[in-house]
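A.B. asks: Protein sequence lines, in the order shown, are assigned to chains A and B.
Sequential numbering of the first sequence, starting at 4, is according to my numbering.
Sequential numbering of the second sequence, starting at 126, is according to my numbering.
Derived from the structure by calculation, the hints contain no laboratory data.
Note that the coordinates shown come from a computational prediction; the quantities given were computed from them, not determined experimentally.
We treat Cβ as the ideally placed atom computed from N, Cα and C, and that holds for glycine.
Treat the hints with care, since some could be wrong.
Claimed, not checked - Short derived list, chain A residues pointing at chain B, Cβ under 10 Å:
(1) 107
(2) 150
(3) 151
(4) 232
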Amino acid sequence: MTSVRLEGLTRTFQDGTAAVRGVDLEIPAGEFFSLIGPSGCGKTTTLRMLAGLERPTAGRIWVHGADLTRVAAHRRPIHTVFQQYALFPHLSVFDNVAFGLKERRVPSSDIKARVGSMLDLVGLPDRVTARPRELSGGMQQRVALARALVLSPQVLLLDEPLGALDLRLRRQMQILLKTVQREVGITFVYVTHDQEEAFSMSDRVAVMHEGRLAQVGTPDEVYEHPASLFVADFVGTSNRLPGTVVSAGPLAVKLDGIGSVSADGVPGLAAGDACVAILRPESVRIDPDGQWSGTVADRSYLGGQTSVTLESDGERLILTAASRKVPPDLTVGSPVRAGWDPADLWVVPA
Amino acid sequence: MRPTRVITVAVLGFLYIPIGVVIADAVDSDPTLNSWRGFTLHWFATAFSDARVLTDLRNSVLIGLCTAVLSAAIAVTTALGARRLSPRLSDLVNATTYARIILPEVVTAVGLFMLAHRVNIPLGFGAIAASHVVFCSAYATIVVQARLAALTRVYEEAATDLGATPWRVFRRVTLALLRPAIVVAGLLSFTFSFDDVISSLFLGGSQTETLPVLLLGMVRIQVTPEVNAIGVGVMALTLLLLGLLVSASSLRSVAGAPATRTREGVSA
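In isolation and in its complexed conformation, chain A is listed as follows:
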């Protein structure tokens, strides 16, 4: 069943800037879906339109079959976990979580039970009387999650909820979010600029760029088969090998300074088009018979992995490999040959 359907959703601000331009999207029920993109790409505006806090200039919003485009925010079966938690400072943890239930005139005995079980779920059963400011950032985030989830929304929106937390806490919260989502089975729409965070949690992601959806797919589709150079760069480090399309079917490209290879790529490329072959750093390996020769320009130890930057006539090639597999004599300035399997290339329009 479709949980969220957006049709041509558009938002133009009063000063004429278009934050969101014609977004079409379907999210199945129970999916953990992430909207990712650089700041200013329109992801938060899209989320706010879903919540009803921002009015679309054009387009429609459907949730579980109902047209919510003109429905007021407080009547939508959609709740939000806000970026800075937005816990009510004058209310206790209990009253924060109970806020929406009271608005719904739920009997107070029910409120007690539901708030209690929700605080259990997020792991904060013993802090009901505390004020938000007495809690750490991670705890506040849990309260914010409980406050929205206790209302059993059809869709839960999360607007960069982990942005203010340190790395270790983020990992904990990511695991918590995933566990909770599986447990409650509610559709999660998650906004973040951190693609790693999105990849680790989501069933599917949408990459937004300048108000449009650049690509929608599973994390591995987006990472391995990006629809454009923008997507390729946004979701990870990529080596760009420029060239020209030689034939469209089966796809063959001539890469500058390397030669002709057959490779996979986005559909719609025609012979003669300028193109770029994307090569992920982990697909590059040190190989005495490799296609590429140059010298080592930089070597960075990243813990489990080591990143090596190779250089040849101003062209750069980045390689990452398990640190133990990188020969110790590969020092800055030493000559090196590298290669890759042409099956790891992915061709996108230039």
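Let chain A serve as the given structure and place chain B on it in line with the hints.
C.D. replies: Same frame as chain A, now just chain B:
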């Protein structure tokens, strides 16, 4: 003593010796106040059993309360209204607020007096309260606006998102978060109203008199020990309110800080 010290002591003396003299005279047994003849609370007893003093005290307190409530209400509605306006219009609204503080009180008092005369509004209790509201509400508005500016919209958005109607958002979130500022604005308005002379004098008419106006009338004839006792009483009440004000503004920090000041946790 160094010259700077001498100046400091002289200035402090200039400011506080008159107050000390008032207190001393209020408890001096000598009815002519020419010498010290021992401590007494007799003058307080006579002053505050005088029917006129009591009536005027009641007038002052009631007018102060009305002024406080009306000013706070005007402050909240003005602050919330101005927030919805375009920057230019809200500047205009702010200008009318500041004008009520900057304009000499005697000007607004005379203006209201003429207006009341022209459209036949009776002078007295209501007219005094209205004239106090004119300037007290301006101070109250500034207090409430300052608090509102520090609150981000995100609390109201969160409440809306959780299903609260606009009215409920106002009741449960906006008003609750503004409460400390409203208390401060009310206390401030009461204090200003309670010791006002000019507007009360112009708009009291022949029937209604407030305590400060009575005092002014009494000292014109003769400074009696009772005048000093009333002065000390007024001072005590004002200090009490000041104390409340200070504790109310520390209440402000308890009731919540803007979202940006949340603590970032290290452990969960």
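A.B. asks: Give a verdict on every hint.
C.D. replies: Do the hints match the structure? See the list:
1. 107: With a closest approach of 6 Å, the residue 107 (chain A) hint holds.
2. 150: For residue 150 (chain A), the interface hint holds, since the closest Cβ of chain B sits about 7 Å away, which is under 10 Å.
3. 151: Hint on residue 151 (chain A): holds, closest Cβ of chain B at ~7 Å, below 10 Å.
4. 232: Nearest chain B Cβ about 36 Å off; hint violated.
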